[in-house]
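Q: Sequence:
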Amino acid sequence: MSADDKPTVLIVGAGLGGLLLGTLLEKLEVPFAIFERASAVKPLGSAMSIGPTLLPLFEQLGIYDELVAIGKYLTHIRDYKETQNSAEPVPPLDLTLAEELSGYGYYIVARPKLYELILKQVPAHKIHFGSRVLNITEKDEKVTLHLSNSATFTGDIIVGADGAYSAVRQRMYEQLKAKGELPLSDQEDLPFSCTALVGQTKVLDPKEFPEVALEFCHFTSTHGRGKPFSWNTFNTAQGTMCWMVLEHLSKKTSKAAMDQRFRDTNNSEWGDHPAQAMCDETRDFPVPIKDGSIRTLGDLYELTPKEYISKVMLEEKVFQTWYHRRYVLLGDACHKLTPAGGHGAVTAMHDALALANLFYAMPTTTSADITRVFEEYQKERLPAVMDSFNNSKQLAKKSDAGIMGTVVLYLMTNMPAWLWRMVQSKMLRFRPQCGFLRHIELKGTLVPVVSPKMDQGFRDTNTSEWCDHSAQTMCDETRDFPIPLGDTKTGALGDLYDLTPKELISEVMLEEKVFKIWRYHR
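Residue numbers (the working numbering): 192 to 713.
Since the hints were made in silico from the structure, they are not lab data.
Keep in mind that the hints are not guaranteed to be accurate.
[Unchecked claim] Calculated cross-link-like contacts (lysine-lysine; reagent style DSS-like; alpha-carbon spacing at most 30 Å): (1) 272 - 617; (2) 508 - 442; (3) 393 - 272; (4) 617 - 233; (5) 418 - 272; (6) 634 - 218; (7) 617 - 634; (8) 368 - 333; (9) 218 - 333; (10) 497 - 418; (11) 398 - 481; (12) 481 - 393; (13) 570 - 368; (14) 497 - 398; (15) 584 - 442; (16) 330 - 218; (17) 330 - 368; (18) 497 - 393.
[What the hints assert, rightly or not] Label-pair restraints from in silico Cβ distances: (19) 328 - 665: 40 to 50 Å; (20) 632 - 601: 32 to 42 Å; (21) 559 - 393: 51 to 61 Å; (22) 498 - 280: 29 to 39 Å.
Given the structure is predicted, the values throughout are model-derived calculations rather than measurements.
Heads up, the beta-carbon is just placed ideally off N, CA and C, and yes, glycines get one too.
With the hints as extra help, turn the sequences into a complete structure.
A: Spelled out as structure tokens, the structure:
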């Protein structure tokens, strides 16, 4: 892709997926802008697990050490069953196998801290807060965003990274529906059968909550006794506790149905009042503490700033239609997963990586090439998304009230070692890297699934993953390394780089393998 062929990308939504796409496009020197309807970022949310499926990319971006610094290393998930006045432990889930398989472990990170880390990778002037999309128009092979502040922005591609109720998806689907090309399933409301109350406490006293002083993360998951609730707690590197309370509804519903129900009663399900109501309903639920004592969720609520408590719907759906013309969707806008598998933000960031790799390989900004890229994007990402979607649904059953939850919890916490290895291997096989940044050496015993756009796609465009841009990145990283020149003098690798014609510098992979079959017939 030459400088003249680089697309201008308009990203709607400054969530983790949109920000990561902006980060990668900045590295690629592709023009972009991000538009976020919120006027400011609120530090909402609980904690997230970041592990082997994202950490190679974080190494490529040079933010791995920062991630480790703001996270708590996670070795086990400790499940409990609520008893009459306490909580009874069951065998914990051991996550340390991930190190052997992938070379990386898991880190629990408070979502606001992870957001801050990704946000600072994007130049501030390229993010427009308080910018709500009113309309999108197309003309002369260009797309234009019309914003609520009367501003307009024109580009080649619009990326809808604006969440489960995406404005970009709505505009895109309106066009397809008018032409009779929108599948019926994509016209249905987003279903959900679970709601969540989430928050993060202020910094806690280790004498009262010993977990906050631990080197590792103490992740607890408690399953309600005779009630449709489960709740999780996580200690963070900042000395706080993140928490999440899940209510499992008796039947599926939708936001539209819920909104209508509360509109009829002049109330709202998603404001301060219902969050407080759920706090009141669950405040006596037991929380097991590391020293063996029992606290309650109410203790955590009292230590959490009210403005940081929120109640959210946990929808689950994979849409069939991810792109149309110059529109493409990313993350929750095209696939919404429950948090049970911890895959939601991971899949959004993997989407961003896949799109960035494809934009790099895209030869021109014609409609034909853009459509071809979007086809490849959905073809590449859909299998991994469906794996995550199905895995999340299975793990969610662990928290079901009734016999199903009991059976699934028993099976998961008493799984034979060989079966747990199979489960972990399937979960960790997607460990993608960025095709235009310096490759990170593969670690662990499990060979990852390789994105076709890190190999075949670059051949299709008469270029290579190991190209000028990638070689230049490694030159920049190593130019200050010393080299002996004799007579006790030293120079630097940069001196040699400056004296070497650019076309004679290349970065290559150094593979190693002995094939078993050396002959066939003649």
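Q: Now, for every hint given, state plainly whether the structure supports it.
A: Against the structure, the hints:
no.: 1; hint: 272 - 617; verdict: holds (28 Å)
no.: 2; hint: 508 - 442; verdict: holds (16 Å)
no.: 3; hint: 393 - 272; verdict: holds (27 Å)
no.: 4; hint: 617 - 233; verdict: violated (35 Å)
no.: 5; hint: 418 - 272; verdict: holds (12 Å)
no.: 6; hint: 634 - 218; verdict: holds (24 Å)
no.: 7; hint: 617 - 634; verdict: holds (16 Å)
no.: 8; hint: 368 - 333; verdict: holds (22 Å)
no.: 9; hint: 218 - 333; verdict: holds (24 Å)
no.: 10; hint: 497 - 418; verdict: holds (25 Å)
no.: 11; hint: 398 - 481; verdict: holds (11 Å)
no.: 12; hint: 481 - 393; verdict: holds (19 Å)
no.: 13; hint: 570 - 368; verdict: holds (22 Å)
no.: 14; hint: 497 - 398; verdict: holds (24 Å)
no.: 15; hint: 584 - 442; verdict: holds (15 Å)
no.: 16; hint: 330 - 218; verdict: holds (29 Å)
no.: 17; hint: 330 - 368; verdict: holds (20 Å)
no.: 18; hint: 497 - 393; verdict: holds (11 Å)
no.: 19; hint: 328 - 665: 40 to 50 Å; verdict: holds (42 Å)
no.: 20; hint: 632 - 601: 32 to 42 Å; verdict: holds (40 Å)
no.: 21; hint: 559 - 393: 51 to 61 Å; verdict: holds (55 Å)
no.: 22; hint: 498 - 280: 29 to 39 Å; verdict: holds (34 Å)
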